[in-house]
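Taking the hints into account, I'd like the entire structure generated from these sequences.
Protein chains: 2
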Amino acid sequence: MATIRDVAEAASVSIATVSRVLNKKARVSEETARRVWTAAAELDYWPNEAARSLTTNQTHVIGVLLPDLHGEFFSEVIRGIDQAARESRYQILVSSSHADHDEVMTAAKSMQGRIDGLIFMASDNGLAESVDRIQGRMPLVLINPRRIVKGTASLRIGNFLGAREAVNHLLRLGHEDIAILKGPAGNIDAEERLRGYRHALAAADRDLGASREFQGDFLEPSGYRAAAEILGSRRRPTAVFACNDMMAIALISAFGGAGLKVPEDIAVVGFDDVAIARYIHPPLTTVRVEANQLGQRALRRLLAILSGGEAEGAVEEVLPATLVVRESCGASLAGYSTDYSRRKESPGSMPGGTARDSDPEARGD
Amino acid sequence: MATIRDVAEAASVSIATVSRVLNKKARVSEETARRVWTAAAELDYWPNEAARSLTTNQTHVIGVLLPDLHGEFFSEVIRGIDQAARESRYQILVSSSHADHDEVMTAAKSMQGRIDGLIFMASDNGLAESVDRIQGRMPLVLINPRRIVKGTASLRIGNFLGAREAVNHLLRLGHEDIAILKGPAGNIDAEERLRGYRHALAAADRDLGASREFQGDFLEPSGYRAAAEILGSRRRPTAVFACNDMMAIALISAFGGAGLKVPEDIAVVGFDDVAIARYIHPPLTTVRVEANQLGQRALRRLLAILSGGEAEGAVEEVLPATLVVRESCGASLAGYSTDYSRRKESPGSMPGGTARDSDPEARGD
DNA sequence: TTGTATGCGTTATCAT
DNA sequence: ATGATAACGCATACAA
Chain A
1 MATIRDVAEA
11 ASVSIATVSR
21 VLNKKARVSE
31 ETARRVWTAA
41 AELDYWPNEA
51 ARSLTTNQTH
61 VIGVLLPDLH
71 GEFFSEVIRG
81 IDQAARESRY
91 QILVSSSHAD
101 HDEVMTAAKS
111 MQGRIDGLIF
121 MASDNGLAES
131 VDRIQGRMPL
141 VLINPRRIVK
151 GTASLRIGNF
161 LGAREAVNHL
171 LRLGHEDIAI
181 LKGPAGNIDA
191 EERLRGYRHA
201 LAAADRDLGA
211 SREFQGDFLE
221 PSGYRAAAEI
231 LGSRRRPTAV
241 FACNDMMAIA
251 LISAFGGAGL
261 KVPEDIAVVG
271 FDDVAIARYI
281 HPPLTTVRVE
291 ANQLGQRALR
301 RLLAILSGGE
311 AEGAVEEVLP
321 ATLVVRESCG
331 ASLAGYSTDY
341 SRRKESPGSM
351 PGGTARDSDP
361 EARGD
Chain B
366 MATIRDVAEA
376 ASVSIATVSR
386 VLNKKARVSE
396 ETARRVWTAA
406 AELDYWPNEA
416 ARSLTTNQTH
426 VIGVLLPDLH
436 GEFFSEVIRG
446 IDQAARESRY
456 QILVSSSHAD
466 HDEVMTAAKS
476 MQGRIDGLIF
486 MASDNGLAES
496 VDRIQGRMPL
506 VLINPRRIVK
516 GTASLRIGNF
526 LGAREAVNHL
536 LRLGHEDIAI
546 LKGPAGNIDA
556 EERLRGYRHA
566 LAAADRDLGA
576 SREFQGDFLE
586 PSGYRAAAEI
596 LGSRRRPTAV
606 FACNDMMAIA
616 LISAFGGAGL
626 KVPEDIAVVG
636 FDDVAIARYI
646 HPPLTTVRVE
656 ANQLGQRALR
666 RLLAILSGGE
676 AEGAVEEVLP
686 ATLVVRESCG
696 ASLAGYSTDY
706 SRRKESPGSM
716 PGGTARDSDP
726 EARGD
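Chains as they are written, first to last, in this note's numbering: chain A, 1 to 365; chain B, 366 to 730.
Keep in mind the hints are simulated off the structure, nothing from the lab. Keep in mind that the hints are not guaranteed to be accurate.
What the hints assert, rightly or not - Here are some chain A residues the structure puts well away from chain B; computed CB gaps all over 12 Å:
1) Ala153
2) Gly232
3) Asp265
Said to hold, decoys possible - The calculated DSS-like cross-link candidates involving lysine-lysine, where the alpha carbons are at most 30 Å apart (straight line), are:
4) A:Lys109 - A:Lys150
5) A:Lys25 - B:Lys474
6) B:Lys474 - A:Lys261
As the list claims (entries may be wrong) - Derived contacts from chain A toward chain B, CB cut-off under 8 Å, selection only:
7) Met1
8) Glu49
9) Ala51
10) His60
11) Arg79
12) Gln83
13) Ser88
14) Ile92
15) Asp116
16) Gly256
17) Ile276
We put the CB at the ideal spot given by N, CA and C, even for glycine.
Dropping the structure here:
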C-alpha cells in the first residue's frame, strides 16, 4: 500500500507538503496542491489512521462496552449510538458479552489508544470496580449504572416511575389482585421495576404477599413457565405486570392457549414497547422505553465532554418511561386503540413519569 | 498516562526489556521480569494499541460495514460477528447506514490502519464499485453480495430455495391462489424471495398474473397497507407469502381486525423466523434464517483468510433457509405446533433447502 | 510556500 | 539477558 512518502515522491514534494494538502491545514500553492491530489489519486493513497491518531492524539472512534448484544433493547441502544456517531463522523469500536470485571478490563485495555472516549453499559452487579479503574483514563459515559459514580456522566431509564405508572393504571381500572412477573435477579432494570410495582401497591394499601411475585428472566420461555404457575395458583390474579414485553407476550400466548381471554379474564401489561407490541393480539399495553434515544444521547453526551464543554452539574440524566395504553388491559382510551403507526403516539398526552420527576425516581427510595 | 518509557524508568530497565516482558517474547531474568510487572501495575500502565499496531502491522480488530442496523436481522448478524470475534479476542469496528458508494468509501478509508480485515454487507444496488475499490487493500468477506466478485469470499442466505419451499408448502396444502407480499425494490433478498415464489408457481403451472403480487418494504406498516389491498381485491387469495415476518405479522393482525381467521379464511407464511414468530397467534409458519450464524461464519471465514489458510475454491457459501411449520397455514404437523422452546426444532427433520442444493440456488436462474 | 527534522508509543534488530 | 536505536506512518514546529 502506498504511504505518504510514495505520494510525496510521485508529486515531487516533501511529505510535509502532502500532509498539508490532504489535511488542508496550511496554505499551499495551487499548482503543487494539484500535483499532490493527482498523485494521491493515482496511487489510491489511503492515510493510515492508526499512525495519524498517534500524532494527533485523537481517533474519531468511540468505544462501546456492553454486557451483551442480545434482545431488541441492546441492539436499539447500539443503533442509537451508531446513528449519532455517524452524524458526527465517528465510528464505534464495540465489545460485548462481558460477564465479569476481568473481561471488561481486558476489553477496555485493548481499546486504549484507539478510542477518544468510552460508553460503558454496566447494568449488572460487580462492574462498579471496572468503572473506577477506567475512570480518569478516558472520557466516560455510563448507561444504566448500578450506582452513581462521582463526576461521571450517566444516562438511565426511568424504570421506577414507568413501572409505578403501569401498576397505577391497573389499579385505576379496578384491579385488586395484581401479580408481577419479575426480571432476572441482580439486574438493575428488573430491580427498579419491581420497586415501582411494590411502591404503587403499597401506596394503594395493597397486600405485598410474596405469592404475587413470580420469577422470570426477561426471556420468553420464563413467561410460559410463569403462566403455568400463575394459572396453578389457588387465587388467580386478575392482572399481571410483566417486567418486559417478551415475557408479557409469552404470557398472553400461554393464557390464550389455556382458554383464558386477555384482557377479559386477565389483564397483562408489559415494559419496553418493542416493535411488535402493537401487532400482537390484543395489542399490548406497555411502558415505552426509548432505547434508541438512550444510545443517541449517550454518544452526544460523550462528544460534549470531548469538546470540553461539559458542565459539572446534572451529570445524571434520566430518560422517561411512558405508559402506552393499548388493549391488553381492557382500557382502550379513545384514540389509542386504532393507532398502528409506529412510534407516533404523542408522549405528551399520556400519563407517566418524566425526567423532571427526579425525586421519586431516585434510587434506593 | 504512563507510557512504556515510564515503566522502564520505574523498573530501571530499558524500554526494550519492558516490551519483552509484557509480550513474553524473549527470555528475561526472573528478577527483572518481576520488577517490570510491579512497575507496570504500580503505574497502571496500558499499552497504546494504536502505536502497537503500527509496528506489528496487525490490530486484532475487524471492520464491519453495514447498510443499516435496523431490524432484527441486522442486529443478529452483528451479534453473530461479535460473538465469534470475542472467541478469538477480536473486536469489531462498526460503521453502518451507508446509502451510497461515496459514504461507504469514506467509512472504509477511515478504517485503514485500524483493522485487519473487513466484513462488508453490500446487499443493495450500486455498491459493487465499492467492493472493487476495497478489494486488494485488505482481506474482505462479503455478506449477501448482489453479484459474486472473483476471488472474494462471500456468504449469503438461501433465499431462493427458502421461498420456493414456503410456496411449495402452500401448494401442497391445496392452495390455488397464492399471493406474495414483496420486499423493497432493489433489495437482493427481496428479489431472490420473489424469484423463489415465481419459480414454485411456474413449476406448478400456476398463473403468474401481476395482480397477485403486492408491494411491501419489509416494515410493518406496509403489511397493513397490503392487507387492505388484498382484502379489497375482487378475487381474494387463499394464502399470502410475505417476504419477511414483520409484514406477515402485520398481515395477520390486519386480517384479524377485518374479521378474517388465519389460517381458516386465509393462510399466511413469513420469512426470517424472528424471535416472536412462534408467540403470536396463530404461531407463524415461516422460513428460518440463521442471521446469527451468518455473522459468526463471516467472521470465522475472515479469520481463516487472515491466517493464510484460505482455499481458493468454494469462495461462496450459502446458508440454508429452512421452512418451519407452525399454525398460520393450517398445517400443524405433529410435534411442531406445541413447540415453544426457542430455536429447538431439529432442522434435519424439516423440508427445505440446504446448502448442498447449490444448483437451484444459483442466482439469475 | 516549502522542506527538514522531531516526536507520537510501540516492536524489532542489532549489538553487547 | 539486556540496552541502544531504527523503523512504523504520519503531523507539525521550525528553518529556509
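Verification of the hints:
Every CB of chain B is more than 12 Å from the CB of alanine 153 of chain A (nearest about 20 Å), matching its label as outside the interface. Residue placement check: glycine 232 of chain A keeps its beta carbon more than 12 Å from all beta carbons of chain B (closest about 17 Å). In this structure aspartate 265 of chain A is separated from chain B by more than 12 Å, as the shortest Cβ-Cβ distance comes to about 15 Å. At most 30 Å may separate the alpha-carbon atoms for a hinted pair to count; lysine 109 of chain A and lysine 150 of chain A meet this at roughly 22 Å.
Of the pairs offered as hints, the one joining lysine 25 of chain A and lysine 474 of chain B holds, with about 20 Å between alpha carbons and a cut-off of 30 Å not exceeded. At most 30 Å may separate the alpha-carbon atoms for a hinted pair to count; lysine 474 of chain B and lysine 261 of chain A exceed this at roughly 57 Å. A cut of 8 Å between beta carbons decides the hint on methionine 1 of chain A: the least distance to chain B is about 7 Å, and the hint holds. A distance limit of 8 Å between C-beta atoms decides the matter here; for glutamate 49 of chain A the minimum to chain B is near 5 Å, and the interface restraint holds.
Proximity of alanine 51 of chain A to chain B holds as hinted, the smallest CB-CB distance being about 6 Å (cut-off 8 Å). Contact between histidine 60 of chain A and chain B, as hinted, is supported at the beta carbon level, the nearest pair being about 7 Å apart and thus within 8 Å. Satisfaction of the interface hint for arginine 79 of chain A is found here, the shortest Cβ-Cβ separation to chain B being roughly 4 Å, below the 8 Å cut-off. Evaluation of the glutamine 83 of chain A hint against chain B yields a held restraint, the C-beta minimum of about 7 Å falling below 8 Å.
Residue-level restraint check for serine 88 of chain A is violated (minimum Cβ-Cβ distance to chain B is 13 Å; threshold 8 Å). Hint status for isoleucine 92 of chain A relative to chain B: holds, with the closest Cβ pair at about 5 Å, below 8 Å. Look at aspartate 116 of chain A: its Cβ only gets to about 11 Å from chain B, farther than 8 Å, so that hint breaks. At its closest, the beta carbon of glycine 256 of chain A sits 6 Å from a beta carbon of chain B; the interface hint therefore holds under the 8 Å criterion.
Satisfaction of the interface hint for isoleucine 276 of chain A is found here, the shortest Cβ-Cβ separation to chain B being roughly 5 Å, below the 8 Å cut-off.
Taken one by one, the earlier hints fail for this structure at numbers 6, 13 and 15, listed in ascending order.
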